[in-house]
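K.L.:
Start from chain A and add chains B and C according to the hints.
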Amino acid sequence: MDTSLDGNAAAGVLGDLFVFDVTVAVSTCATCGDARPVAELRAYLDAPGIVLRCASCGAAQLRLVRSGDRAWLDVRGIQVLEIHGATTAE
Amino acid sequence: MAVVSRGFQGRRRQPGAGLVPPGQYLVDDFPVLSAGPTPDVALEDWDLTVVDESGAVVARWGWKAFLELPAEDVTVDIHCVTKWSKLGTRWQGVSMDTILGGIDTAAEFVVAFSDGGYTTNLPLADVLDGQAWVAHRFEDEDLEPEHGGPARLLVPHLYFWKSAKWVRGLRLSDEDEPGFWESVGYHNYGDPWREQRYWGD
Amino acid sequence: MRWLVATVAETVPETARVVTLRLDVPDWPSHRAGQHVDVRLTAEDGYSAQRSYSIASPPGSERLELTVERIDDGEVSPYLTTEADLGDQFELRGPIGGWFVWDGTDTAPVLLVGGGSGVVPLRAIMRQHAASGSTAAMHLVYSARTVGDLIYREELEALAGPRRAVTVTLTREAAPDWAGYRGRVDAGLLAEVGWPPSVQPHCYVCGPTAFVEAVADALVGLGHEPGRIRTERFGPTGA
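In the order they appear, the protein sequences are chains A, B and C.
Using the working numbering, the letters of the first sequence correspond one by one to residues 1 to 90.
Using the working numbering, the letters of the second sequence correspond one by one to residues 1 to 201.
Using the working numbering, the letters of the third sequence correspond one by one to residues 1 to 239.
Just chain A, with the same shape it has in the complex (with noise of 0.2 Å):
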């Protein structure tokens, strides 16, 4: 039985901390090497933290721990985020 959703269903959660919709950056997991949309993982909201999932190994990609003003995130299950359009580089 899995209760996950899409991880487009973390949008509002994530979108307090990213300025950019993380949901639309491409993930490559770092245990697979699988590469998606954020919005494609495996999202699981009803746990003590948030944990997205790659959704071909099931490696937990991203947790994130909120206490009031606190946050912790740990995305050591991604290898690298590629994002479109909100960089202000050059």
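No lab work stands behind these hints: they were computed from the structure.
All C-beta atoms, glycine included, are put in the ideal place defined by N, C-alpha and C.
Any given hint could be a false lead.
As the list claims (entries may be wrong) - Stretch-level coverage of chain B by chain A, calculated; a stretch enters the list once three of its residues show a Cβ under 8 Å from a Cβ in chain A:
hint, region
1, 178-187
2, 191-199
Claimed, not checked - Examples of chain B residues toward chain A, derived with CB under 8 Å:
hint, residue
3, L33
4, V81
5, L128
P.N.:
Chains B and C in isolation, oriented as in the chain A frame:
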């Protein structure tokens, strides 16, 4: 200041009136919180392993052998870091004193590991002396998968994230190794009576 | 993203369990069809509960619309569907989600597949398609239990046209005079009313988790590219 919605009351939640740790409320149901999919392991493939600090497997039980270990009925209060508490929950399980008894170790810490990759760390002293069990029955029924079945760790004196669902073993360690939640903000020890929910609490 | 105050301007019963709330939300920025909002209810004692709901109205609507299905042991949906009345207020933030959206910027055909309340964001997409005059072909496949469970029935019939088709299938309708499809959305139905994979349609699938997974698997099994299938699981209970 949040806008109050007229007529909204939410789920019934009773303050603990001194029976529960600070910040907790009582619930009638048994909320399910999961950081991943519910594992689906066949009992014939299940085992519980104890690994000592040198990495050696020092004990292992298959399901049948595990059920032959002496089990106890325990009635305990449980407290989730997300603020709900349930009083008087009834479990049946094997005491960790039985599981770890007879194992020669100088380790001070233990990491419980589960199907699906979840881990949680505890001082070894906190899982001995009648403080912890590997529980396989809840309220007179086999423990349901969504609540950690076939077997979960039960450590009621700490926040319930330490009572690892789907437990498959214990790794003794000289070092304290923060587990799945402890490494991303949740308190390393987790005493509900001192409200140790997060780092720095 | 900050919380905005929504005031209920109108409540529209859609079915026995489903209500559309038409909301006044000052400062509502524009949104894209398919996006959702987070709704937050706060009780007098400070207790709050939060849920996500798909936006039922297309961009440019006079009022923001949410269509909510009442979940019996839910915490937020019973309030929104049975208690919330004209003038009542709650908080919402949004629009949220840049993935499950349709802007009509390309002309590839679009297959929308909705189960139960999963039709809500797809209705916003259909209305956006109509309002924008898009030339893309669009087909909505909508699965519900019975005729009485069909949300937006007349509106969807009215939206059908040269470039918008609607196929309804009922899974538990006993009445013999139902002339539409019966049974679940499966590979057979999708192959019959949808486009072959060579056409490379965009596919949007929304509804209860089990429905979404079955339909997405069926589409992939028919040969559709997984990258062109966007899903929005509503969870085990479907709302």
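K.L.:
Now, for every hint given, state plainly whether the structure supports it.
P.N.:
Outcome of the hint check:
Requiring three or more residues with a Cβ within less than 8 Å of a Cβ of chain A, the coverage given for the region 178-187 of chain B holds, as 6 such residues are present. Only residues whose C-beta sits within less than 8 Å of a C-beta in chain A count toward coverage, and the region 191-199 of chain B has 3 of them, enough to reach three; the restraint holds. Checking L33 (chain B) against chain A by beta carbon gives a least distance of about 5 Å; that is within 8 Å, so the hint holds. Checking V81 (chain B) against chain A: minimum C-beta separation of about 5 Å stays under 8 Å; hint holds.
For L128 (chain B), the suggested interface contact is broken, since its CB lies about 25 Å from the closest CB of chain A, more than 8 Å.
Against the hints set out earlier in the document, a violation occurs for number 5 only.
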